[in-house]
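Peer 1: Protein sequences appear in the order of chains A and B.
Take the working numbering: the final residue in the first sequence is number 119, and no numbers are missing along the way.
Take the working numbering: the final residue in the second sequence is number 236, and no numbers are missing along the way.
Hints are supplied without guarantee of correctness; some may be wrong.
Under the rule of at most 30 Å between Cα atoms (straight-line distance), these lysine-lysine pairs were calculated in the DSBU-like manner [said to hold, decoys possible]:
#  : chain 1 : residue 1 : chain 2 : residue 2
1  : B       : Lys-137   : B       : Lys-190
2  : A       : Lys-22    : A       : Lys-49
3  : B       : Lys-132   : B       : Lys-176
4  : B       : Lys-122   : B       : Lys-176
5  : B       : Lys-137   : A       : Lys-49
6  : B       : Lys-172   : B       : Lys-190
7  : B       : Lys-174   : B       : Lys-190
8  : A       : Lys-58    : B       : Lys-122
9  : B       : Lys-174   : B       : Lys-132
10 : A       : Lys-77    : B       : Lys-122
11 : B       : Lys-190   : B       : Lys-132
12 : A       : Lys-77    : B       : Lys-137
13 : A       : Lys-22    : A       : Lys-69
14 : B       : Lys-122   : A       : Lys-49
15 : B       : Lys-132   : B       : Lys-122
16 : B       : Lys-137   : B       : Lys-189
17 : B       : Lys-132   : A       : Lys-49
18 : B       : Lys-190   : B       : Lys-122
Honestly, the hints are just simulated from the structure, not real lab data.
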Amino acid sequence: AQSVAQPEDQVNVAEGNPLTVKCTYSVSGNPYLFWYVQYPNRGLQFLLKYITGDNLVKGSYGFEAEFNKSQTSFHLKKPSALVSDSALYFCAVRDILRGRGSTLGRLYFGRGTQLTVWP
Amino acid sequence: DVKVTQSSRYLVKRTGEKVFLECVQDMDHENMFWYRQDPGLGLRLIYFSYDVKMKEKGDIPEGYSVSREKKERFSLILESASTNQTSMYLCASSLVLWRGTSTDTQYFGPGTRLTVL
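Chain B on its own, in the form it takes in the complex (with noise of 0.2 Å):
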């Protein structure tokens, strides 16, 4: 089975901190990803990877940055916590799709509930 873990299920941290977020998966996954989840929007892609040391923004990637420095582990970090970043953060991973047995299906950490005050 993929096992995506992360850091933390609850977080909370005051305006101005510094927020690491850490993901990490066991299947080799090339593709890791990071949404944000908010009622009644759904989940929007925040930033993700490809490779090690690679990165893409996706949606809503301002007030947002990203690590990669190993293919298991994917970090968000939150260069200076807004309370609009208050949220649920959920990290995935996929195969590429060049890969043979490739579905582009993605598993899913289990999520950090992060409250900034």
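Next up, chain A with everything else stripped away, as it sits in the complex (with noise of 0.2 Å):
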């Protein structure tokens, strides 16, 4: 089964400083990668995935993450924080249901990262 795993529930980091929160997978076949983000009281928000292609995929706000096959692994990056994007953020992978006459996509939630900007 696809599984991803957030290695660390918080992530605390200084305002203009890089942020890296942490994802790995694991899947059979071809990774399809998504991350999230959650703001308090809100649904979640598409940030970005990787399909295929370039290792480096760019997303709203700014983030940015980086797919490594060699390690199993699709952080999510931003080059300088903001405090406005303190939040919970959810990595997530798909696999594919072959239903009654239909097919769909699932995706797989790893538990979330809170992260933390402080001015």
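Once you've looked at the hints, go ahead and assemble the two chains, each given alone in its own frame, into the complex.
Peer 2: Right under this line is the structure:
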């Protein structure tokens, strides 16, 4: 089965410093990987995804993620953190389901990493 | 922009009540999903649907049922609410894979925080 792991429950970083939120994956076949962000009392917002191609994926709000096949990792990065980046971040991996008459992707989510950026 | 709306942001119910959580999407997506989110556990899939009147169990379907009578609407039903169903419930939608523009990205609603007393 597909799965992702986020080894850190919390990440704290000073504003202006680079940030990294870690994610490792376990898949059979080619990995389709996603990052989502959740601000307080809100739903999840899509940040970026890796399907194929360049190992460095650029997404919303200045975030990027680096896909590393040998290390089975997909870490989320930002060169300069903002206080407004403080939120809960989820890594996810897609699996394909072949149901009755349809094929769809479902996501398996990590447990989330709380990012706090202090001024 | 894709918009997924959920009928309530906050809901308080009593043990044993029947609870309906409604989700509506406006982007003609075939797939819809219900998750619950609990601290330290991430998101867990309860049920999903890939077409009207079609539904499939996810990882934790016990104590829940769903209804999809119209393409844009997916309802989660707690037949007899219990305190261990106190949680944040998130609805999401996505396009089918065979659509040329499908990216598998799921779009989420704002969530319903349900408290069962």
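Peer 1: Does each hint hold? Answer for all of them.
Peer 2: Each hint tested on the structure:
no.	hint	result
1	B:Lys-137 <-> B:Lys-190	23 Å, holds
2	A:Lys-22 <-> A:Lys-49	15 Å, holds
3	B:Lys-132 <-> B:Lys-176	24 Å, holds
4	B:Lys-122 <-> B:Lys-176	24 Å, holds
5	B:Lys-137 <-> A:Lys-49	38 Å, violated
6	B:Lys-172 <-> B:Lys-190	9 Å, holds
7	B:Lys-174 <-> B:Lys-190	12 Å, holds
8	A:Lys-58 <-> B:Lys-122	23 Å, holds
9	B:Lys-174 <-> B:Lys-132	26 Å, holds
10	A:Lys-77 <-> B:Lys-122	27 Å, holds
11	B:Lys-190 <-> B:Lys-132	28 Å, holds
12	A:Lys-77 <-> B:Lys-137	44 Å, violated
13	A:Lys-22 <-> A:Lys-69	14 Å, holds
14	B:Lys-122 <-> A:Lys-49	20 Å, holds
15	B:Lys-132 <-> B:Lys-122	27 Å, holds
16	B:Lys-137 <-> B:Lys-189	21 Å, holds
17	B:Lys-132 <-> A:Lys-49	37 Å, violated
18	B:Lys-190 <-> B:Lys-122	14 Å, holds
Violated hints for the displayed structure, listed by number in ascending order: 5, 12, 17.
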